[in-house]
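**Student:** Chain by chain, the residues run as shown.
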Amino acid sequence: MGGLKAVFLEQRPVLMRLMTARLGSAADAEDLLQDLWLKVETLPEQDLLNPEAYLFRVAANLAADRRLSMARAVARDGLWLSAQPGSEEFPDAEAVLIARERLAQVEAALAAMPERMSAALRMFRIERLPQKEIAQSLGITVSGVEKLLKRAYRHLFDMEGT
Amino acid sequence: MVKEAVALAGISDQIAEEAIAWHARHGDMDAAAWHAFVEWLEADPRHGATFDRLVMADGVLSDVPATVSLPTPANDRGTPGWRATRWIGGVTAVAAAAAAVFMLLPAGPDIQTIQTAAGETRQVALADGSRIEVAGGSRLQFDRAHPRQITVERGEALFHVRHDAADPFVVRSGKLEVLDVGTVFNVMRDGSRFSVSVAEGVVLFQPRGEAVTLKAGATLEVREDKQEVRLGKLDPGLVGGWRTGRLSFADSRVSEILDEIQRLYGTKLVADPDLSARRVTGMITLSGEARRDVPHIASLIGANWRADGGRWILSPGGENRP
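Residue numbers (my numbering), protein chains in the order written: chain S, 1 to 162; chain P, 1 to 322.
Pulled out of the complex, with its shape left as it was, chain P reads as follows (with noise of 0.2 angstroms):
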């Protein structure tokens, strides 16, 4: 069949083709390499029409729905566990009954957007009753013909909703989407990272998809550029504890744990690139005042610190260095 239609279109097969050798070659082309490859775009109007239409047959891959399956009830005894199954070619019952559409949100003339920058926060007060506090670094926004509904684009936030079963309060982040039942709970997002952790009451995590349901101490963990989800435990007091400087880090990279800090309170940590990919678990009380907080952010990730204009550089070893 696929034989057929290539017979058929003649010379556009041989554009075809070089389309797509072309594409496979964008992670490893050097300059010189690109430039002839705009100059293959320029040399006829087939290679751009072509080249464009590639673009969207790999387009429509970002739509497929990955298929993430959840560590088994024996996990839930404390341990987090992470076990992830990636989407391979077959599509499972879940992934079709997911595979409702997802497109841009609307940018219309109704969406508030709250933003905040880094070390600042912010407290929302929703006409319903329900209150948001912001945490630095934060972009949200809704549709305030839908205020129940919250896209958490980046950053950090602690809800506390009121509840409502005829309308019910939805925090949505890229594809992944969290369901209040009557609670407070706190949403990040980082770039391809996601968490919620359930400080009272229950939410329901991917509402249409999994559904998980997360109680009081419970927190979720998705890494979605490894298509990675992590169930764990988190003490109840210490959900949002970014608002009194208390950090928890499970496993966490410094790289991470240093741009959460940045966001958060501001700071300016420059990790060694040796020290960048170093794990780290433990848990640190920040006051936001950089002087203070910097030798302990040292200590925890067992570095040694110094100052370096508006920026505090860290390096290997233990000891601290004034």
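This is chain S alone, in the form it adopts within the complex (with noise of 0.2 angstroms):
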């Protein structure tokens, strides 16, 4: 059996946990856990440094896209909305008008940030840099990154409660 396999079996009770704590349903996390076997079984061979790590990160970021697309489904009418040519054949136009304001939010504090603390929240968010590089590429230190991207986070944070 795969080498990832067997890790994957290894620490499937806290990856068990950790999609039950962030998708608050028990149900939903065996379903994810489901899709990430899955990935892991048609994953080609290869060595990974850390297939532990691995894991995690990717079932975190299973239950991160679950979560983000449970919020882009238009709540009351169940309906997912469409990129479609026509506004005029959107169901919900409200629901259009909200999305469309909190990224324009968005979009307005990426602006209003320093540049430097947009640059390294990109190359965090967009490219996955790791700390070590971002730091190289603005010249600063990798605690000097860490603050940015937490100022960065902190910002867009506060934004989403509002």
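Among the hints, erroneous ones may be present.
[Claimed, not checked] Some chain P residues judged to face chain S by a derived CB distance under 7 angstroms, without partners named: (1) M29; (2) A31; (3) W34; (4) V38; (5) D44; (6) G48; (7) V55; (8) A57; (9) G59; (10) E200; (11) V202; (12) L204.
[Claimed, not checked] Chain P regions said to be covered by chain S (calculated; three or more residues, Cβ under 8 angstroms): (13) 17-28; (14) 225-238.
[What the hints assert, rightly or not] Here are the simulated DSS-like pairs of lysine-lysine, each with C-alpha atoms no more than 25 angstroms apart in a straight line: (15) P:K233 to S:K39; (16) P:K175 to P:K233; (17) P:K215 to S:K150; (18) P:K268 to S:K5; (19) S:K39 to S:K5; (20) P:K215 to P:K175.
It should be emphasised that the hints constitute simulated quantities derived from the structure, not laboratory data.
Cβ coordinates follow ideal geometry from the N, Cα and C atoms, glycine included.
With the hints as a guide, dock the two chains, each given alone in a separate frame, to form the complex.
**Tutor:** This is the structure:
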């Protein structure tokens, strides 16, 4: 049996606890854990320096994706919005407006951030660079990068609550 | 303003700081740290709720459009050029215009899926007379209510489109779009890579954004992970060359080449890690029969080859060894 599968089975109890804590439902957690298992099964054999960390990372991302896609469903009608050329076709104009407002808020927050902060955020979040590389790129220390990211996320976090 | 909000929040401010700290560490944690994170989540219901809110805030960042600027007309003289303006934090006019919210496509009852296994091809005829030649390892979707709007989730397809100005034919892939203006064009999606090549007619890439016109002989490649776009030239006769085993590579990584060959023809090649990152420029004509193709592939890459069960292994070196 592949090394990663063995690690999965070994860590399954904690993976399950992670999913349950993130999704708030054991049934949803089981579902997602099954998705993770399928992913592990179809991955080609690769040499991972830290297979446990890899699995937990993938699990956390799956949970985040699930939470985000749930949030995007229009709660009232359970409908999914689609990107269509004619906006008259949107079933819930209000939901679209709210989402657009939110996006505009975030974009404004990004624009208002000091350039180094939004650059660090972009490198961390979009380019998925390790903090060491971000530090090199910006010419600051790793702890400097950490501080920038923490402040950036604090801005976004506070806005999310309003 | 932010400080006041922080003061009012009281205890949850401390939790917010912890959540942010955990989130920032996610890329560098070992098994023990992950266990500790789970314990932190379980220790207090507010921990989980706070972390969730942070993830939501983080999630919106995916919807912020990247600003991509394309090579200047000078590059159209034939040499492909790389140039990209990355999202820094300012929002340009183009990005603002394109800030329509892109949500997930509906998975309603009228969704048709066209899927091929590695090495399998399929011809799809649409009711309007348009035709799609689908390559191996592909997955396309469209809503039966909007058959002239097709999504390429992964893989590659050559489109023969019957032009209709009143009902434009659109191909989407992730956040990218190609609008047809009466054409034959090839679309490829593999992970964060996307390309469109035009054999006949004209397409419009990102009609609601950058609106780049691509004519016959033009090719455009996007690397979303690097926020890079490359415009180049491709002989119209080579567009959709996968149909006759003709592939061309321009500064492509060996790993990508082998993935493409497996997807298109089912031939499983594995490269020594030292080879994977090597870059190759050139053309090759494959028959689809591994025994005949592998030596040619190895020679294109400058590698040795050997059989290993159902796979073929490539290792550094230049001479073919049976």
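**Student:** Compare the structure with each hint and give your call.
**Tutor:** A quick look at each hint next to the structure:
The restraint placing M29 (chain P) at the interface with chain S holds, with a minimum CB-CB distance near 6 angstroms, inside the 7 angstroms limit. For the restraint placing A31 (chain P) at the interface with chain S, the shortest Cβ-Cβ distance is roughly 4 angstroms, inside the 7 angstroms limit, so the hint holds. Against a cut-off of 7 angstroms between C-beta atoms, the interface hint on W34 (chain P) holds, since the closest Cβ of chain S lies about 4 angstroms away. The interface hint given for V38 (chain P) is met, as the beta carbon of that residue sits about 5 angstroms from the closest beta carbon of chain S, less than 7 angstroms.
Because the beta carbon of D44 (chain P) sits about 11 angstroms from the nearest beta carbon in chain S, more than 7 angstroms, this interface hint is broken. Checking G48 (chain P) against chain S by beta carbon gives a least distance of about 5 angstroms; that is within 7 angstroms, so the hint holds. With its C-beta approaching chain S no nearer than about 5 angstroms, V55 (chain P) sits inside the 7 angstroms limit, and its interface hint holds. Among the interface hints, the one on A57 (chain P) holds; its C-beta lies about 4 angstroms from the nearest C-beta in chain S, closer than the 7 angstroms criterion.
The interface hint given for G59 (chain P) is met, as the beta carbon of that residue sits about 4 angstroms from the closest beta carbon of chain S, less than 7 angstroms. Given hint, E200 (chain P) at the interface with chain S, is violated; its Cβ is 24 angstroms from that chain's nearest Cβ, farther than 7 angstroms. Hint on V202 (chain P) is violated. Least Cβ distance to chain S is approximately 19 angstroms, over the 7 angstroms limit. Against a cut-off of 7 angstroms between C-beta atoms, the interface hint on L204 (chain P) is violated, since the closest Cβ of chain S lies about 13 angstroms away.
By the rule of at least three residues with a Cβ nearer than 8 angstroms to a Cβ of chain S, the coverage given for the segment 17-28 of chain P holds, with 9 such residues. Counting residues of the segment 225-238 of chain P whose CB falls under 8 angstroms from any CB of chain S gives 3; the rule of at least 3 is met. Between K233 (chain P) and K39 (chain S) the CA atoms are separated by roughly 37 angstroms; this puts the pair beyond 25 angstroms, and the hint is violated. In summary, the hint linking K175 (chain P) to K233 (chain P) is supported, as the alpha carbons are separated by about 23 angstroms, within the 25 angstroms threshold.
Pair hint K215 (chain P) plus K150 (chain S) does not hold up; C-alpha atoms about 46 angstroms apart against a cutoff of 25 angstroms. A C-alpha spacing of about 22 angstroms is found between K268 (chain P) and K5 (chain S), which places the hinted pair at or below 25 angstroms, so the restraint holds. A hinted pair counts as satisfied when its Cα atoms are at most 25 angstroms apart, and K39 (chain S) with K5 (chain S) qualifies at roughly 10 angstroms. In summary, the hint linking K215 (chain P) to K175 (chain P) is supported, as the alpha carbons are separated by about 22 angstroms, within the 25 angstroms threshold.
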